[in-house]
Amino acid sequence: DARVTQTPRHKVTEMGQEVTMRCQPILGHNTVFWYRQTMMQGLELLAYFRNRAPLDDSGMPKDRFSAEMPDATLATLKIQPSEPRDSAVYFCASREANEQFFGPGTRLTVL
Amino acid sequence: AQRVTQPEKLLSVFKGAPVELKCNYSYSGSPELFWYVQYSRQRLQLLLRHISRESIKGFTADLNKGETSFHLKKPFAQEEDSAMYYCALSESNFGNEKLTFGTGTRLTIIP
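Just so you know, the protein sequences line up as chains Z and S, in that order.
Counted the way the working numbering counts, the first sequence spans residues 177 to 287.
Counted the way the working numbering counts, the second sequence spans residues 21 to 131.
Source of the hints: derived by calculation from the structure; they are not laboratory data.
The model shown is predicted, which means the values in this text are computed figures rather than measured ones.
Please note that the accuracy of each hint is not assured.
[Unchecked claim] Away from chain S, derived, C-beta distances all over 12 Å, residues of chain Z:
1. Arg179
2. Gly192
3. Leu203
4. Gly204
5. Glu220
6. Arg228
7. Lys238
8. Pro246
9. Pro257
10. Glu259
11. Ala269
12. Glu275
13. Gln276
14. Leu287
[Unchecked claim] Label pairs and their calculated CB-CB ranges:
15. S:Arg23 <-> Z:Glu275: 31 to 39 Å
16. S:Ser72 <-> Z:Pro257: 28 to 36 Å
17. Z:Thr181 <-> S:Glu28: 40 to 48 Å
18. S:Lys35 <-> Z:Pro237: 40 to 48 Å
19. S:Gln62 <-> Z:Met215: 17 to 25 Å
Virtual Cβ for every residue (Gly too), placed ideally from N, Cα, C.
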């Protein structure tokens, strides 16, 4: 049963620290998304890739966030420096046949 | 720009009663609409899409272009329907890749 995996599942860090979240998309899926979920905003698209190339990162604060796909099996989302307002659940998803398959999320708390 | 509105953050319904979760959208093109669901301690997953015109777990949703709505309905609520529900829109000119989500409705079924 192929699934999107994300690590870590939980992360607590202090303001100013670097945070790296990782995602392994389902093998063969060539489109990968990063979302942020908060109570107030719901699910917001941060960035997405097709065939490892970034297509849209307009939802991402450029000064502190960066997203990459070093290879087809790994997507990363980095925050440097982190701030308390970044506290949220970050989801990765990969896509096949117009359906997005979501990972379990990384719950980030920035103190 | 596209927008998805779910006016109810919280909705409580008695078991056996009808359920309707509202979703309105704004988009100048021809959209594809979806409902995603997140059960407790599970990952977000696709519930249904308007092009399929199917009933999943007793839920149906009809795209009303005149009212720009895609409300989710079920005639008789069950306790296992308690979950977070997200309405989402796919932009046709992005090859149906990018999804814009609403802020979500938390549905609670009262036994």
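Given as non-interface: Pro257 of chain Z, partner chain S, CB spacing beyond 12 Å | Nearest chain S Cβ is 28 Å from Pro257 of chain Z, so the label holds.
Could you let me know if the closest chain S CB is still more than 12 Å away from the CB of Leu203 of chain Z?
-> 17 Å, holds
Distal placement of Pro246 of chain Z relative to chain S, Cβ over 12 Å | 21 Å, holds
Given as non-interface: Gly192 of chain Z, partner chain S, CB spacing beyond 12 Å | 30 Å, holds
Can we trust that Glu259 of chain Z is non-interface, i.e. its beta-carbon lies farther than 12 Å from all of chain S?
-> 22 Å, holds
Satisfaction of the hinted span 40 to 48 Å by the C-beta atoms belonging to Lys35 of chain S and Pro237 of chain Z | 43 Å, holds
Given as non-interface: Glu220 of chain Z, which should sit over 12 Å from chain S by C-beta | Since the minimum Cβ distance to chain S is about 8 Å, Glu220 of chain Z lies within 12 Å and the statement is violated.
Within 17 to 25 Å or not, the Cβ separation of Gln62 of chain S and Met215 of chain Z?
-> The hint (17 to 25 Å, Cβ to Cβ) holds, given that Gln62 of chain S and Met215 of chain Z are roughly 18 Å apart.
Any Cβ of chain S at or closer than 12 Å to Leu287 of chain Z, or is the non-interface label fine?
-> 25 Å, holds
12 Å Cβ clearance of Gly204 of chain Z from chain S = Given a closest Cβ separation of 16 Å, the condition holds.
Would you assess whether Arg179 of chain Z, listed as outside the interface, keeps its beta-carbon beyond 12 Å of every beta-carbon in chain S?
-> 8 Å, violated
Distance rule for Ala269 of chain Z, whose beta carbon must clear each one in chain S by more than 12 Å = 8 Å, violated
Of the hints listed earlier, those the structure fails to meet are numbers 1, 5, 11, 12, 13, 15, 16, 17, in rising order.
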